[in-house]
Amino acid sequence: MSSEVSVNQESDVKIQKKTKFWLNKQKRGDYFWAYLMIAPTLLGTIIFNIWPLLQSFYLSFTEWGAFGSYSWKGIVNYERLFNEPDLLIALKNTFVFTILSVPLGISLSIIVAVLLNQKIKGVTFYRTLYFLPVVTMPAAVAIVWKWLYNADYGLINYVLSLFSIQGPRWLTDPNLALYSIVLVAVWGAIGYNMVIILSGLQGISTTYYEAADIDGAGMFVKFFKITLPLLSPTLFFVTVMSLINTFQVFELIFMMIGPNSLVIENTQTVVYLFYEEAFINNDKGYAAAIAMALFLIILCVTILQFKLQKKWVHYE
Amino acid sequence: MKRLMTLLVLLLLVLSACSGGSQSSNQTDDGGSDGSGGSGDKVTLTYAIWDKNQAPAMEDIANKFMEAHPNVQIKVEVTPWDQYWTKLETAATGKSLPDLFWLNSANIEKYAKGGVLLPITDQIEADGVDMSKYPEALNSIYTIEGENYAIPKDYDTIGLWYNKELFDAAGLSYPDDTWTWDTLLDAAKKLTDPANDVYGFAAALAGQTGIYNTMAQAGGFIINDGQAGHDQPEGLRGLKFWTDMIHTHKVSPTQAQMTDTPPNTLFESGKVAMMFAGSWMQIEFNQNEYTTDKVDVTVLPQDKQRGVVIHGLGNVIAQNTKHPDVAWEFLKFLGSEEANVIQAETGTVIPAYEGTQQTWIDSNPKFNLQVFIDMTEYAIPNPASIETRAWQQIETDILTKAWAGELDIEEAAKQAAEGIEGILAKEK
Chain A
1 MSSEVSVNQE
11 SDVKIQKKTK
21 FWLNKQKRGD
31 YFWAYLMIAP
41 TLLGTIIFNI
51 WPLLQSFYLS
61 FTEWGAFGSY
71 SWKGIVNYER
81 LFNEPDLLIA
91 LKNTFVFTIL
101 SVPLGISLSI
111 IVAVLLNQKI
121 KGVTFYRTLY
131 FLPVVTMPAA
141 VAIVWKWLYN
151 ADYGLINYVL
161 SLFSIQGPRW
171 LTDPNLALYS
181 IVLVAVWGAI
191 GYNMVIILSG
201 LQGISTTYYE
211 AADIDGAGMF
221 VKFFKITLPL
231 LSPTLFFVTV
241 MSLINTFQVF
251 ELIFMMIGPN
261 SLVIENTQTV
271 VYLFYEEAFI
281 NNDKGYAAAI
291 AMALFLIILC
301 VTILQFKLQK
311 KWVHYE
Chain B
1 MKRLMTLLVL
11 LLLVLSACSG
21 GSQSSNQTDD
31 GGSDGSGGSG
41 DKVTLTYAIW
51 DKNQAPAMED
61 IANKFMEAHP
71 NVQIKVEVTP
81 WDQYWTKLET
91 AATGKSLPDL
101 FWLNSANIEK
111 YAKGGVLLPI
121 TDQIEADGVD
131 MSKYPEALNS
141 IYTIEGENYA
151 IPKDYDTIGL
161 WYNKELFDAA
171 GLSYPDDTWT
181 WDTLLDAAKK
191 LTDPANDVYG
201 FAAALAGQTG
211 IYNTMAQAGG
221 FIINDGQAGH
231 DQPEGLRGLK
241 FWTDMIHTHK
251 VSPTQAQMTD
261 TPPNTLFESG
271 KVAMMFAGSW
281 MQIEFNQNEY
291 TTDKVDVTVL
301 PQDKQRGVVI
311 HGLGNVIAQN
321 TKHPDVAWEF
331 LKFLGSEEAN
341 VIQAETGTVI
351 PAYEGTQQTW
361 IDSNPKFNLQ
371 VFIDMTEYAI
381 PNPASIETRA
391 WQQIETDILT
401 KAWAGELDIE
411 EAAKQAAEGI
421 EGILAKEK
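Top line first, the protein sequences correspond to chains A and B. Going by my numbering, the letters in the first sequence line up with residues 1 to 316, in that order. Going by my numbering, the letters in the second sequence line up with residues 1 to 428, in that order.
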C-alpha cells in the first residue's frame, strides 16, 4: 500500500513542477476538478493509512498503562527489539513461510491458470472451484484444515492409515507445524493468483503461438519462450502482492495454532507477535515498534523488487 | 470561476442542512426531557453484560426493578465476550462507561486502580447490606485496598468429573470426598487402556481448571505480594502432579494430543475417564448425547489440604455514571435474594446469594451439583493482578514446554516464576 502512495505522490510532484510556469485559467480549473475527484480516495488514504502510520510511529516511542494512558519513553522499545529473541524467531518464521509459500504458490497458480486457459469442458466450474478458497472466510478455512490435520482423528491421517502409514502430528510437531500452515496458505492463494494470471494469459495475442507453430516449436518451448516472458508484468504484480500478504500472515497462525499451543514459538510470525504484544500483553508501544520494523522490511523488499523488475519483466 | 461558485454554494447548502439538522435534533431532545420533567425525572441506566444466554434473566431482573421504580428505564446491553473488554477499555478511556456492568476477577484490579469504578463501601454500610451473604472468597476478589467495588453476582468452582461407564467397566468405585492424589493416580492407572486410546485422566495445562487448584492443595500459593509460588516447593509439587501424569505414569494423553483434540472433546467421547472441569460445564455435559447419562461430578481430590479455585462475576458501577444513587439502588437489587433466584432458575450460573444455590442445584438433578457449593468452604480466589492476561500468557508459554516434555518441570517453574514476577514488578 505504502509504496503505491509514495509513487503517486512522486508523480504528482513532477507534474506540478512541469506545469507551474504555463498554467492558464483553464488548466487551473482542470486541476481543481481533478483534485476534487481524487479527494475522497486521497482523504481515505490520509485518514486510514497515513495518519495511523504516523500515529504508530509516535506510539512506538511510548510505554502504555491502563485505559489508554501512555508516556514518552524514547527508544526503549527499539532497544528491546534488538535485545529480545522473540522478534528474531518471528522474523525467521516469517521468512521461511514467505520463501516457501510465495514461489510454490505462484508456480502452482501458473500451472493451474495455463491448464484452465484451454478449451476444456466445464472450465468455468473448475475456475470457480479453484477460486472458492478466496471467497471463503479465513476462519472457516482454518477450522476445516485444523480438523483435517488432527493427528488422532483427522481425515488426512485416517487416509494414510489405510496404507499402513503412521501420519505425523501435523499441527503439534514443532518441526512440522510451520510447513503444514504453508500448505494451507499455498492452497488458499492459488485461486486469487490464478484469476490474475488467467487475465494476463488472455492478453497474449494468439499470433505469437501461430508463428511459433509454423516454426515448429513444441509445447514447452512455447511456454518458456512466449508465455512466461509475456506474462512477466502480471507475474511481477502477483509476486509483489503475494510477498506483502505473506509477510503479514496472521489469521492462519492465530486460528490453527493459537496462543496456548506448544508449537506457537515455532510458528509465530511478526504480525502474530504484534498481536500478542498489543492485545494480550497490552504493551502497545512495543507492538508499534514491531509494526514499524515490519513496515520497513516490507518497504525495502518492495523497493528491491521494483529495482529488480528491469532484469526480468518484459513490457510489450 | 462560475463552477467554483456553484460548488461553494452547494457546499454551504449541505453544511447548513447538516447544522440545521443537529440543531433541530437538539431542540427535540430538550423538549423531550422537559416533557418528562413534569412527570418526575426519567432516569435511563445502561447495564452491560456479555452472555446472551443470561440476557433474558437480566431483563427479567431489570423489569422487576422498573416495576418498583417507574421513573427508571434500564437498558440491558449485550456485547459478545470477544469485543466486551476492548469496548469497555475504550469506553473507560473516554469516560463513557455504561452505568453498571459485569466485571471479572482478571480485570477488577485494573479497573479499580484505574479509578474508573465507583467505590461502594460507604453505601454498603449506610444501607446495611449484609456482605456475609456472599462467599468470602468472592468478596475478597472485589475488595481492592480496603474498598468494596462490587456486589458478587454469581460464582463457579471446579469439580472432578468422571465417566461412570468406564469406572464400572474397570470394576472401580466412583470417586468421592475421601479421595487423595494417590487414590486418583491409582484409579487413573487402572482406567488407562492404551490399546483403545483410553486414558485415566486428562492432565492438560490450564490455570483456573488446573494448576491453581493443585498448587493450593499442595499448600502453596499462586501469586502473593509480587511473588509467584510456582518455584516454591509446594507450588512445584502442585505443578508436578500434572506433568507426572503425562510423562512418568503415562495415564494422560500427551499435551500434543490434547492440543489437537481438547480434553472436553476427549471426555465427551469416552476417551478420558476423569478430568477437572468447571461448574459451568454442567450445561454442556447435560446437552451432550454421550455424557448426559454417563458422567457425574464430585469434589476435587486433596493433598496436604483441600483446595479449589472459586471465580465469580461482580456487578459494578462506573465512576462516570450521572446517576450514582439510582445506579446503587439497582446494584443493590441485582445483589438481592429475589434477583439471585431469577438467575438461578436458568441453570447457567451459580447465584452468589446464600441460600439461593438450591434453585441452581434443582435445575439439573442428573449431576451431583451440590459439590460445587460445598467446596466454597475452602475455596481460594482465582488469582489476578492488574495485567493478569500478560503474566498468564508467560505462565502458559513456559509451562507448555514442560507439559510437552521439552523442559524439566523444575526449570520451567523457575522461569515461569521469574517471568510472572517481572510483570508483577512492572505493575507497581
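Think of the hints as simulated: they come from the structure by calculation, not from any bench. Some clues are possibly wrong.
[Said to hold, decoys possible] Going by beta-carbon spacing under 7 Å, a handful of chain B positions derived as facing chain A: (1) ALA92; (2) SER96; (3) THR180; (4) ALA256; (5) ASP260; (6) THR261; (7) ASN264; (8) SER385; (9) ARG389; (10) ALA390; (11) GLN393; (12) THR400; (13) ALA404; (14) GLY405.
Fair warning: this is a prediction, and the values are worked out from it, not measured in the lab. No residue lacks a Cβ here, since even glycine has one placed at the ideal position from N, Cα and C.
Tested hints:
no. : hint   : verdict
1   : ALA92  : holds (5 Å)
2   : SER96  : violated (12 Å)
3   : THR180 : violated (29 Å)
4   : ALA256 : holds (4 Å)
5   : ASP260 : holds (5 Å)
6   : THR261 : holds (6 Å)
7   : ASN264 : violated (14 Å)
8   : SER385 : violated (12 Å)
9   : ARG389 : holds (6 Å)
10  : ALA390 : holds (4 Å)
11  : GLN393 : holds (5 Å)
12  : THR400 : holds (5 Å)
13  : ALA404 : holds (4 Å)
14  : GLY405 : violated (9 Å)
Violated hints for the displayed structure, listed by number in ascending order: 2, 3, 7, 8, 14.
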